[in-house]
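Go ahead and model the full structure; you've got the sequences and the hints to work with.
Taken in sequence, the protein lines are chains A and B. Number 217 in the numbering used here belongs to position 217 of the first sequence; there are no gaps in the numbering. Number 176 in the numbering used here belongs to position 176 of the second sequence; there are no gaps in the numbering.
None of these hints come from the bench; they were simulated from the model. Bear in mind the structure is a predicted one, so any value in this text is a computation, not a measurement. Backbone N, C-alpha and C define an ideal beta-carbon position, used for all residues, glycine too. Just to be clear, a hint being listed does not mean it is correct.
Calculated lysine-lysine pairs in the DSS-like style (CA-CA distance at most 30 Å, straight line) [to be verified]:
| id | chain 1 | residue 1 | chain 2 | residue 2 |
| --- | --- | --- | --- | --- |
| 1 | A | Lys73 | B | Lys41 |
| 2 | A | Lys89 | A | Lys73 |
| 3 | A | Lys73 | A | Lys125 |
| 4 | A | Lys89 | A | Lys193 |
| 5 | A | Lys240 | A | Lys193 |
| 6 | A | Lys89 | B | Lys41 |
To give an idea of the interface, some chain A residues facing chain B are shown, with a C-beta separation under 10 Å as derived from the structure [what the hints assert, rightly or not]:
| id | residue |
| --- | --- |
| 7 | Ser53 |
| 8 | Ser74 |
| 9 | Gln77 |
| 10 | Arg80 |
| 11 | Ile92 |
| 12 | Phe93 |
| 13 | Arg107 |
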Amino acid sequence: MSNEPILATHGLIRRFGGLVAVSDVDFDVRPGEIHAILGPNGAGKSTLINLLSGEIPPSEGQVLFHGKPIQGKSVRQIARMGIGRSHQKTNIFPRLNCLQNCELASRIHMGGVFGSWRSRQRARKVSERALEVLETCHLVHRAYTPAADMSYGEQRQLQIAMVLATAPTLMLLDEPMAGMGREETWQVTELLKSLTDRYTLVLIEHDMDSVFCLADRITVMVDGCVLESGTTDQIRTSEKVREVYLGRHHEEATA
Amino acid sequence: MLHRYPRRVAIIMLALTLCVAVFPLWGPAVFGDQVDFIQEKLTLMVILALFTMSLDLLVGIVGLVSLGHALFFGVGAYTLALASPEYSAASLWWMLPLVIAVAAITAFVVGLLVIRTKGIFFIMSTLAFGQMFFYLISTSQFAGGTDGLFIMFRPSVTFGETTLLDLSNSQTFFYFCLGLLIVGYLFMRWLTRSYFGQVLDGIHDNEHRMQALGYATSGYKLVAFVIAGVLAAIAGMLAAMQYGFANPVQLGWHTSGEVLMMLILGGMGTIFGPILGAFAYEILLYVYEHLTVHWPILMGLTIIASVLVLPRGIAGLIIAPPWNRKKTPVAKEQAAESVIPPNSIQRNEG
Numbered sequence: 001m002s003n004e005p006i007l008a009t010h011g012l013i014r015r016f017g018g019l020v021a022v023s024d025v026d027f028d029v030r031p032g033e034i035h036a037i038l039g040p041n042g043a044g045k046s047t048l049i050n051l052l053s054g055e056i057p058p059s060e061g062q063v064l065f066h067g068k069p070i071q072g073k074s075v076r077q078i079a080r081m082g083i084g085r086s087h088q089k090t091n092i093f094p095r096l097n098c099l100q101n102c103e104l105a106s107r108i109h110m111g112g113v114f115g116s117w118r119s120r121q122r123a124r125k126v127s128e129r130a131l132e133v134l135e136t137c138h139l140v141h142r143a144y145t146p147a148a149d150m151s152y153g154e155q156r157q158l159q160i161a162m163v164l165a166t167a168p169t170l171m172l173l174d175e176p177m178a179g180m181g182r183e184e185t186w187q188v189t190e191l192l193k194s195l196t197d198r199y200t201l202v203l204i205e206h207d208m209d210s211v212f213c214l215a216d217r218i219t220v221m222v223d224g225c226v227l228e229s230g231t232t233d234q235i236r237t238s239e240k241v242r243e244v245y246l247g248r249h250h251e252e253a254t255a
Numbered sequence: 001m002l003h004r005y006p007r008r009v010a011i012i013m014l015a016l017t018l019c020v021a022v023f024p025l026w027g028p029a030v031f032g033d034q035v036d037f038i039q040e041k042l043t044l045m046v047i048l049a050l051f052t053m054s055l056d057l058l059v060g061i062v063g064l065v066s067l068g069h070a071l072f073f074g075v076g077a078y079t080l081a082l083a084s085p086e087y088s089a090a091s092l093w094w095m096l097p098l099v100i101a102v103a104a105i106t107a108f109v110v111g112l113l114v115i116r117t118k119g120i121f122f123i124m125s126t127l128a129f130g131q132m133f134f135y136l137i138s139t140s141q142f143a144g145g146t147d148g149l150f151i152m153f154r155p156s157v158t159f160g161e162t163t164l165l166d167l168s169n170s171q172t173f174f175y176f177c178l179g180l181l182i183v184g185y186l187f188m189r190w191l192t193r194s195y196f197g198q199v200l201d202g203i204h205d206n207e208h209r210m211q212a213l214g215y216a217t218s219g220y221k222l223v224a225f226v227i228a229g230v231l232a233a234i235a236g237m238l239a240a241m242q243y244g245f246a247n248p249v250q251l252g253w254h255t256s257g258e259v260l261m262m263l264i265l266g267g268m269g270t271i272f273g274p275i276l277g278a279f280a281y282e283i284l285l286y287v288y289e290h291l292t293v294h295w296p297i298l299m300g301l302t303i304i305a306s307v308l309v310l311p312r313g314i315a316g317l318i319i320a321p322p323w324n325r326k327k328t329p330v331a332k333e334q335a336a337e338s339v340i341p342p343n344s345i346q347r348n349e350g
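Here it is as structure tokens:
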């Protein structure tokens, strides 16, 4: 694997009126790594992810994916380029069952709707791909359950399965463990761990244990700026991070 | 897939279709000399059912509430009226394709402009286009202004010299409309169960997510908009044939509102519901009109009551009757439909 970053940002700025949500961020993701973004609420993590997936345009600066700027491309074009993302809020199709949810995701990346109208073989391939990702996400036994009837944790897992089904080269996961219990968080952490050798991940997460267990590199954001970026060990021992983030976190925990 | 219903739906719909189809056999015995009038009414109901079903594709399936659907109904009616020669019958062989083409082009152009709007803005922009056409037509000399246009002859259906269908015969016309409704229904059923239909379901549930997956949702919505417009125009053409004229009223927002009420009464997003809705609405209208001149009050109360008591309309009553509310095991039926048989999945698990 080359060390050429798969995704890079240069001087990325996003303003909402007078508020600078993301301020001059230089950030890069190398192929095959899990890159976690940490930061207190309002640090601009979600805004950054939205900039990376093209859901909001940057005020200044640019995002390069495989060295090419994604500026001016629509969300769907960026998705077709290979950036898959999941959202902080559960974002599935509640009336369809698990398999259909994943089929919808895999079909668009296997020639689209009109192609598969013709060929039964392709329809089968689409289903097989969907089944494969359900297996990866331990949801096979739920294949025919309507998504709305599943537990919250399973729905979150399905969301990851759908991102996988689009066969992305880069996955952006916005708080995949949000609102989960201990047991479920651990399950998803295991799931993400099992993906590390095949996918490149950008992960926003609040759960410290999961982040330090999963991430290869961590970027810590505060007030829209990158405070520190480095390997997991570097972040763990960083004074600055300890002060601003972990310190406060620690105090809160002991208080 | 999503649009699969218990077997009793098919049984009820088939029974009703049969009942309507053999009306000429039992009609005279029940209605006496009123039978011709009732048959005209029945034909109108069949036409309106097709119209309501086309709106269901937008409102119930894609989740786009349109208040300008009568625009396409009117396009069908006026295309027929304007293209028909004055002293002879047009041929259906070119009239039907013409109506479809004009409606498709109109729907495509209007759709391009409205499809990016959502919710209330979609309602308002479709309403705006509907009213624009209404005023355009009702003030235009060539379209007969507020009087509309008369159609002296219904199109002929001939093959060489022989007449295949004599549409000026009210019974033949009735079966012609019924046939088109059945074809339209089968088409819609196929469409909603296709992969294309699944994408429309996805857009209904969560358009943003569909985009994030890589779907060009506007394109799919536009295709649905055009299909709905074309079906509505065919219904409009039939209505103009039935009445013998095209009138601006057919274009107005009143008609759009009325068809929306039929849809709500019948049950949105079910394809068969709208058919029942159109029939129920017209029957209620007929009854209320005979009871009182203030029939709109009764009709309004009925619609409000149906929304309160039957949120999924008449269709909901059939899919899940109140005396049988236990969950239907759809999952199994769905599994049987899948490309990959469920038993192979069980094996994978073990």
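So, going through the hints one by one against the coordinates:
The suggested pairing of Lys73 (chain A) with Lys41 (chain B) is violated, with an alpha-carbon distance near 54 Å, which exceeds 30 Å. Restraint check for Lys89 (chain A) and Lys73 (chain A): the C-alpha separation of about 24 Å stays at or below 30 Å, so the hint holds. Between the alpha carbons of Lys73 (chain A) and Lys125 (chain A) the distance comes to roughly 29 Å, so the proposed pair stays at or under 30 Å and holds. A hinted pair counts as satisfied when its Cα atoms are at most 30 Å apart, and Lys89 (chain A) with Lys193 (chain A) qualifies at roughly 22 Å.
Distance check on the hinted pair: Lys240 (chain A) and Lys193 (chain A) sit about 28 Å apart at the alpha-carbon level, within 30 Å; holds. Between Lys89 (chain A) and Lys41 (chain B), the direct Cα distance comes to roughly 51 Å. Violation of the 30 Å bound is thereby established for this hinted pair. With its C-beta approaching chain B no nearer than about 7 Å, Ser53 (chain A) sits inside the 10 Å limit, and its interface hint holds. The interface hint given for Ser74 (chain A) holds, since its Cβ lies 8 Å from the closest Cβ of chain B, which is under the 10 Å cut-off.
A least Cβ separation of about 8 Å between Gln77 (chain A) and chain B falls short of the 10 Å threshold, and the interface hint therefore holds. With a least beta-carbon distance of about 5 Å to chain B, the hint placing Arg80 (chain A) at the interface is held under the 10 Å criterion. Given hint, Ile92 (chain A) at the interface with chain B, holds; its Cβ is 7 Å from that chain's nearest Cβ, closer than 10 Å. Given hint, Phe93 (chain A) at the interface with chain B, holds; its Cβ is 4 Å from that chain's nearest Cβ, closer than 10 Å.
At its closest, the beta carbon of Arg107 (chain A) sits 6 Å from a beta carbon of chain B; the interface hint therefore holds under the 10 Å criterion.
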